[in-house]
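Dock chain U against the given chain F, drawing on the hints supplied.
Protein chains: 2
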Amino acid sequence: MFEKNLEQYIELIVKRGLNIEKGDRVHIYADVSIHEYVKPVVARIYAAGAVEVEVIYSDEVITRQKYLHDEEALFDTISEVEQARYKKWEKSCSKRLSMVSPNPKAMDGVSSERIMKNARMAYLSMKDYKAKMMGDKMSWSIAAFPTKEWAKVVFPEVDDANKAVDLLWDAIFSGTHVLDGPDACANWDKHVQTLYARLDILNAFDLTSLHYTNSLGTDLVVGLPAGHRWKGGGSTNIITDKSFAPNIPTEEVYTLGDANSVDGIVYSSKPLLFSGQIIDGFKLELKNGVVVDATAEKGDAMLKELLSTDDGAKRFGEVALVPYASPISLSGILFSMTLFDENASCHFALGNAYENTLPASAGKSGEELKELGFNVSQIHVDFMIGTPDLQIMGKRKNGEIIAIFKEGNFAF
Amino acid sequence: MFEKNLEQYIELIVKRGLNIEKGDRVHIYADVSIHEYVKPVVARIYAAGAVEVEVIYSDEVITRQKYLHDEEALFDTISEVEQARYKKWEKSCSKRLSMVSPNPKAMDGVSSERIMKNARMAYLSMKDYKAKMMGDKMSWSIAAFPTKEWAKVVFPEVDDANKAVDLLWDAIFSGTHVLDGPDACANWDKHVQTLYARLDILNAFDLTSLHYTNSLGTDLVVGLPAGHRWKGGGSTNIITDKSFAPNIPTEEVYTLGDANSVDGIVYSSKPLLFSGQIIDGFKLELKNGVVVDATAEKGDAMLKELLSTDDGAKRFGEVALVPYASPISLSGILFSMTLFDENASCHFALGNAYENTLPASAGKSGEELKELGFNVSQIHVDFMIGTPDLQIMGKRKNGEIIAIFKEGNFAF
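Residue numbers (the working numbering), protein chains in the order written: chain F, 11 to 422; chain U, 11 to 422.
Next comes chain F alone, as it looks inside the complex:
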C-alpha cells in the first residue's frame, strides 16, 4: 500500500507539480537524509522525457557546522559557483523541484545573523533566477518528504521513530489528496476545482480591504490594491503557457496586500520554521503597511533579522485564505513546516508579492510598483494567523461590507 501511495505521490509531483514533458531540464534540491526518495523521483522525471536532471544535495548537519565554524568573511561573499549555477538554470529554463524535509531543530544554537547574512548572499547570487520564479517565468514546485527527525517533532507521543514516519507519510498522502482515489493526479484536478470556484467569487466581490479579528487579539485592516487578482490551485508559466503546481499540497486562495496600507495588530497562530529555526508566539504591529513593532516569545532575534532584510521585508506581499475546516487543518496535526501549516491556516507573507496577483505590475519597477502597492523584497516568508474564531469582513469598491470569513471558515 505504501509503495503504491508513494508512486502516486511521485506521479503527482512529476505530472502536476512540474508538469514534465519531453525535452525538459530539471534541477532538484534535497537533503541527503531523503536520498532514497530522490532516486525514484529522478527516474520518473527521466521516464517522462527529461533530457537533463541535476540534483543538488545539502546536508543540514553539515550546514549547521558551517554556520558555527566557517570564517566570518564567507558570510559576506557571493559564491561564484552558485552564481554560475543559477545563471545556467535561468538561461536553460530548467524546472525547479524542492524536496523538503524540515527539521525544526536543525539550526539550534546557530546565530540568526549568520543565517540572514547567508540568505542575503544567496539572494544576490540568484537575483534574476528568483525574479523569474516569482514572475511565473519558470516552473517550480515544493513537496515534502519525511525524516525520523521531522516525524518525531510532529508526533512526539510516538516512541517508535519508524511508526512516526509512517504516520507522517499518511498525513502527507492525505493532505495532498493522494488518498482521495486511485489516481492522485485526477484527485488533484478535482480538488483544485473547489479552489477555482472560490477565486471566481472573491474576484467578483472587487474588494478594497479585509478586516481581520479574532480572540488572540488580532485586529488588522489589510488594503487590497485596485486590480488585484485572487489566485490559487496552481500557476501557469507565462513563457511556455504550461501549468505547474508551486505547492504540493495547496488549499489556499491568495492575492497581494497593499504594501502601503496595512494597519493594526496581528498575532501568529502557529510556529514558523525559517531556515532551520523556529519563530513562535509572535505579534506584529503595522502602520501604513509597515511593521513598526514586532516581538516573538521564541526566535525573537531571528524575527528581527528577517524584518530588517530590506524595506519590503517589513511589508506584506501576500494575503492567503484557508478555511479552518480544510482537510489538513482538520487533521489537527501541527507539521511545524510552512508548506503544510500554511495550507491549514489563513496566512500572510512578509516580502515580495507575486506578479500574477497584480497584472498591472508586469514590466513595472521601483517607484511605479510602490505606487501600485506591489511589495518588493529579497524575502517571501509566509506566517500563519488563522484560528477557529477568525472573522474577516471585506469592504467592496462600492462601500458594501460583506462577511468573507466567519468562525474560521468561508462565509459564502
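Take these hints with a grain of salt, some might be off.
No copy is singled out in the list; a pair is fine if it fits within one copy or between any two copies.
Pairs of lysine-lysine residues, derived as DSSO-like cross-links and limited to a Cα-Cα distance of at most 30 angstroms, are as follows [as the list claims (entries may be wrong)]: (1) 32 x 142; (2) 76 x 280; (3) 76 x 252; (4) 127 x 97.
No lab work stands behind these hints: they were computed from the structure.
Frame of chain F; chain U shown alone:
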C-alpha cells in the same frame, strides 16, 4: 569498539591524510550513501581548526540515470559550474578529501564511451587543479567507507548485509593499521618507517630497468629514467612544506617508468574498477613504452576507451612495488577497488607520472618531458599485476643484475 576504531580512523584521515591545521580550507567528495560518515569527518576537521569545509555529494544511482538519459550534447560540454568550483579551490589552496565507497555494479549497462566523454570534460574543467594535485602543490587524500553494496561484493558468501559491512570495516581498520595499537596516527607513523627503509635501498641501487616475469605470462622490461626517485609513505606539499597522505592505506613504494621504454607483455592479476565499471582479465603488450595491443575478458570496450584518451594514456606513469606478504594482501580479501587492491599488489599506472618521482621534470613541459621519459596524460589509472610467483630483476647503472622481487616479495 567500532565507535573507537571509527574515531581513530577519522583521526588518521584528518591528522595524517590531510594534516589539518588552523586556517585550512577543505573540500570533500562523497556519495550520499555514506553521509552518516561524512558528518563526523567534517566535525573533526572543524575541530582541528579549518575555517571552511565544503562537501560535494554525488549519488551513484542518479549518476547512472544521467549516463543513461541525459542528452548527448551534455557529454561534450564543459560545465561552467565545475570550472568555477575548481578555480576557487585552486586559488584558495583548499585541501581535497575523497571519501570513496566503490560500487562495482554502479554503472552496469552504461556506455563506456559516455563515461570516458564525461571524464574528458571533467579533466578539461579541472586542468590547472589536477596539475597542482599531481605536482604536490595541493594536499589531498583518499579514504574508503563501506556500503552494503560494496560489502556484498567483497563478502558474497555472507548473507546478512550488516554483517558484511562489519567485516569490511574490520578489513579497512586492519589494512590502515588502525588496529596495530591504540593510537592510529602513531601506528601509521611506525608503519611508514618500513616503507622509508625500502626507499633508501631502492634509491641506492640506481636502477635503469626492471624485468617482470610470472606464471600468468607476464614478461616485461620497464625502463626507469635517469634521476628517478622512489617514493612512498606519504607526500609533502611543496608550497606549504606540510606532509599529507594521498592514500589511506599505503603499502607501496613507487617511481615512474620510462614513457619511451617499456617492452613486453603484462597480465592483470586483479579486476580494475574504473568509473563504476569492471575491467578484468586483461593483457597489455607494449613496445617502446606504448601499448600496442590490449584485450580484456571483461570490460574490453572500457579498457580501449581508456587507452584512447590521449597518447599518454597508452604509456606508464607509475611503477609500484608491493610485497605479496603485505598485510592487505595476506588478508586474502579482494576489495574490488583500487585503493585497497593496489596496496595488496605490485601495480603500474597508465597515464600521468608524479612530478616528485623525477625532480628534473619540475618546470618542464612538452618535448622536454618526453625526452626525460616523464609521461603526460589526462588520466592516471592504477592496475594490479602482482602474483605470489612474481619475479623482478633489476639492472643497475653499472650493469649489475640484482633480484628486487622473488616469489612475490622483496628479495632484500
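Results of checking the hints against the structure:
1. 32 x 142: within (22 angstroms within a copy, 42 angstroms between copies)
2. 76 x 280: within (29 angstroms within a copy, 41 angstroms between copies)
3. 76 x 252: between (39 angstroms within a copy, 25 angstroms between copies)
4. 127 x 97: Classified as both: same-chain Cα gap 21 angstroms, cross-chain 24 angstroms, threshold 30 angstroms.
Of the numbered hints listed earlier, not one is contradicted by the structure.
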